[in-house]
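Protein chains: 2
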Amino acid sequence: MLHVKTPEEVLALIEQEFDITAQTELVPLGQAIGRCLAEDIAATEYVPDFNRSTVDGYALRARDTFGCSDAIPAMLTLRGEVFMGEGAEFRLEPEQCAAVPTGGAIPEGADSVVMVEYSEDYGDGTIGISKPTAPGQNMIFRGDDVCPGKVILRRGRVLSSQDIGALAAIGRVEVPVRKRLTVGVISTGDELVPPEAVPGPGQVRDVNSPMLEAMLTCFGVNVINYGIVIDNEALLSEKVHKAVAECDAVLLSGGSSVGVKDAACRIIESMGSLLLHGIAIKPGKPTILGKAGRKPLVGLPGHPVAAYFITRLFVLPLLSRLLGRQQESYTTTAKITESVSANHGRAQYHCCRLERRDGTLYAHPIRGKSGLITTLAGADGYFCIDRDCEGLPKYAEIQVTISQGD
Amino acid sequence: MLHVKTPEEVLALIEQEFDITAQTELVPLGQAIGRCLAEDIAATEYVPDFNRSTVDGYALRARDTFGCSDAIPAMLTLRGEVFMGEGAEFRLEPEQCAAVPTGGAIPEGADSVVMVEYSEDYGDGTIGISKPTAPGQNMIFRGDDVCPGKVILRRGRVLSSQDIGALAAIGRVEVPVRKRLTVGVISTGDELVPPEAVPGPGQVRDVNSPMLEAMLTCFGVNVINYGIVIDNEALLSEKVHKAVAECDAVLLSGGSSVGVKDAACRIIESMGSLLLHGIAIKPGKPTILGKAGRKPLVGLPGHPVAAYFITRLFVLPLLSRLLGRQQESYTTTAKITESVSANHGRAQYHCCRLERRDGTLYAHPIRGKSGLITTLAGADGYFCIDRDCEGLPKYAEIQVTISQGD
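Residue numbers (my numbering), protein chains in the order written: chain Z, 5 to 410; chain W, 5 to 410.
Wrong hints could be hidden among the right ones.
Stated by the list, open to error - Pulled a few chain W residues facing chain Z out of the computed Cβ check, cut under 7 Å:
hint, residue
1, MET88
2, GLY89
3, ALA109
4, SER165
5, ASP167
6, ILE168
7, GLU200
8, PRO203
9, PRO205
10, GLY206
11, MET219
12, PRO308
13, THR336
14, THR337
15, GLY409
Hints in this document: simulated from the structure, not taken from any laboratory.
What you are looking at is a predicted structure, and each value in this text was computed from that prediction instead of being measured.
Beta carbons are placed, not taken as given, at the ideal position from N, Cα and C, and that holds for glycine.
Generate coordinates for the entire structure from the input sequences, incorporating the hints supplied.
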């Protein structure tokens, strides 16, 4: 008999029992946003590849400006002009300068740039400089941004738009990322009808498959929806075998009855091993985790709120494990608008709406009987009441994980 | 001459000058995740549509159990069994009970359910109940979740997976959302080559277009990339006219030189009006905002870091305005690992990496000369130093906006 495990134990179990199974593929830079990087990325060139001005002005040798002022400008010979997107075809000798635009190349021999505001063009090939400058001023040196060999992004990172910019800068237009996982979703229950159907007596619409499909899509995996299976062990077993053959992970959702849970356990055991039966959280206790070969099989609770939390808290980390994906989850601080009682021995999760008033963020817990979908609709995030917590008084500070838009 | 505006003034200007222009379309529920809801959504049915048990047990009249105990069970007649997904075809009379599964329909006449653990089946059609129950126990009433007319989601909301579940529950399989905006991106600059090219002397790769395309794609808009235009006012004007005709908003990126900025201003003025020239933030001051009809045109700074912040802080809110999209941005609290100096008079934005150590979150500011792309790569978020701030000491608490994965 498997014991009910704490959330920490479940995450440790996932770490221990599963490993990276996702293959690597190359995708064009334009499709790499949000993907999980499969290798460290090192630069192979200098960026920029030339000394570059950061202002419109005159490139020169700093020492030629030492001591100059408005009253006694340094008089330099204009050696030439550098145009945007072109190299500087000449070398500056002492007492010479060259006009350079912002972003333009700085000629050899120059070590500084003076802004055009501190210059005067006498029109006879002489430029007066009225402000001394130091070497390195108003310029970026070759390789200031990156040098060959420098690792700019680590594998496991979920690529952001900033990272895409960095990859563009070093010319990495094909990016090695983890192949998308394919996850199968099977709903079970004699009472379920698809969302487009009108429920008959005793029937309800299948909420979990569309919700899970949306969550998983947001997370970046391909979803195969195997539809609703009635409460029949042979049919369920057949569907699970098909899904395991076609997918990298399989989620069984629903089946609130004891019979379906037991059937799911037997099917998982027959295909590999059962790793977990029950997590000490509320809602979500009746959760099953097993594996067939290296592929995880998860039996989710039937109640939508419970299925939601188990997927968020354990299934997404499990999929991250298969991808080698490193992504932290961050929280925001808010004040709770109602006291909330604790549930000793089990970590307790609540959805909440957030509201900013006079600069303070308030969290309104969304109440409702477990399994009611309106406790999900309109939520901006969720918070946890620790299993050792005595409950929270009104206006206590809590840490909210944001879920808006995903 | 337009004054340099504070960030708050710019956001107010956006609110005042622009309005919802996005049309409404119906999309299937499976494609609605992340989209902006165009109308309030009200339920048209009861959910659930029948009284429903939350446990496996016996439906009965609570009053028939009052006073019962292990020693003196209440003896009830088993009227029948309710099966999952079927209605209860009979009505319970006093002193009767019916077997119901979790999620099953409760027969008329019953007002409570006793868990199977507190019952004994004597096998002769009699069930003994050993624990008193109160009306409403272990059941959900018809409409407990939603009643017809109840608004469950408000327009402007960005739909989350939880919302998708709620929409499935009420049978809304076609969802009214705002049509995706189309945003045009034009890069300007004689020094730019596409990311796949090897830069020649004085050339650099175009970083902004791929970065902006990734950000905008993540935000949920369609992007048309108009490529790189050289520094020529007639060519630029032609491209901007084409983009304005084809898109809902146009971003001009780059053009670090004064000439390109001036050309962009003249083009915008000739097409409508210039609303803004300069924002008091660092990096990002040289930002232009105008409109042609109801369509915004934005001239972004050429430096990638500046272009990044201006897009995050002003362009995405501007696009939200066109969509009527309501989405708050939340921050997480971290301790800064280095002191950072202030820039009086201008709000100053810094990218940072986050690291959790012994339960505390630390923010490492990413240093670098403005415009260097490696100050973006690997960032997990960013923070702001207020324009009135004297600078931040080491280990000061800061509010970090998370940018990972988008």
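Against the structure, the hints:
1. The restraint placing MET88 of chain W at the interface with chain Z holds, with a minimum CB-CB distance near 4 Å, inside the 7 Å limit.
2. Checking GLY89 of chain W against chain Z by beta carbon gives a least distance of about 4 Å; that is within 7 Å, so the hint holds.
3. Interface hint status for ALA109 of chain W: upheld, as the beta-carbon distance to the closest one in chain Z is roughly 4 Å, under 7 Å.
4. For SER165 of chain W, the interface hint holds, the least distance from its beta-carbon to any beta-carbon of chain Z being 4 Å, beneath 7 Å.
5. This hint holds: ASP167 of chain W has a C-beta 6 Å from the nearest C-beta of chain Z, less than the 7 Å allowed.
6. The interface hint given for ILE168 of chain W holds, since its Cβ lies 4 Å from the closest Cβ of chain Z, which is under the 7 Å cut-off.
7. Look at GLU200 of chain W: its Cβ gets to within about 5 Å of chain Z, closer than 7 Å, so that hint holds up.
8. Checking PRO203 of chain W against chain Z by beta carbon gives a least distance of about 6 Å; that is within 7 Å, so the hint holds.
9. Evaluation of the PRO205 of chain W hint against chain Z yields a held restraint, the C-beta minimum of about 3 Å falling below 7 Å.
10. Hint status for GLY206 of chain W: holds, given a least beta-carbon distance of 4 Å to chain Z, under 7 Å.
11. With its C-beta approaching chain Z no nearer than about 4 Å, MET219 of chain W sits inside the 7 Å limit, and its interface hint holds.
12. Given hint, PRO308 of chain W at the interface with chain Z, holds; its Cβ is 5 Å from that chain's nearest Cβ, closer than 7 Å.
13. Look at THR336 of chain W: its Cβ gets to within about 4 Å of chain Z, closer than 7 Å, so that hint holds up.
14. For THR337 of chain W, the interface hint holds, the least distance from its beta-carbon to any beta-carbon of chain Z being 6 Å, beneath 7 Å.
15. With a least beta-carbon distance of about 4 Å to chain Z, the hint placing GLY409 of chain W at the interface is held under the 7 Å criterion.
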